[in-house]
Amino acid sequence: MIELFKILLFSKLVLLTPSPISIMESVSLPCEPTISAINSGGHIEIDVTTMMEAYSGLGVTKRMNALSGAFPQGAIIVTLINEKDGKTVTLNKLSHSVGSETSSVILMALDGVPTGVEFSKAEVKTEIPLEGVSVSWVNHIK
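The letter at position 18 of the sequence shown is residue 10 when you use my numbering, and the numbering goes up by one with no holes.
Derived from the structure by calculation, the hints contain no laboratory data.
No false leads were mixed into what you were given.
Cut-off 35 Å, straight-line C-alpha distance, at most; resulting in silico cross-link-like pairs (DSBU-like, lysine-lysine): (1) K85 to K54; (2) K85 to K113; (3) K117 to K54; (4) K79 to K113; (5) K76 to K117; (6) K85 to K117; (7) K113 to K76; (8) K79 to K117.
Beta-carbon label-pair distances, calculated as ranges: (9) G61 to I13: 21 to 27 Å; (10) E17 to T80: 16 to 22 Å; (11) G124 to I98: 15 to 21 Å; (12) T42 to K79: 32 to 38 Å; (13) S92 to P12: 17 to 23 Å; (14) E24 to G124: 19 to 25 Å; (15) E93 to G66: 26 to 32 Å; (16) G51 to K76: 44 to 50 Å; (17) T53 to G78: 38 to 44 Å.
Using N, Cα and C, we set each Cβ at its ideal position, and we do this for glycine too.
Please build the complete structure, drawing on both the sequences and the hints.
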């Protein structure tokens, strides 16, 4: 119950890229302010809507299938880094999400993100060129 209140009161989305960017192989994104998880479900969300525009008029199932085909497991990996103590967390569990007008790739840690760790940098590595994407952290506490 306490965790639910923490999520309701403190969780939010933090945009790590103020404007859409392209990532050809890798990029290091500063996290200002630093990001941290209020529970192990913290994750990175990459908005790939512009890359999936050809599928925008299709139903949810077809859009999810298109996302799965375009962004398979292992195609994108994000490493969160605490530059003060060198602690890292790898987000390599990839899933997909569609909204009424959006398409996203979600990256989570297999064992969850540790709480109480302030991450100052996110390194994104991709096997697929990403064009016009926005990168966000979800589940943040100040």
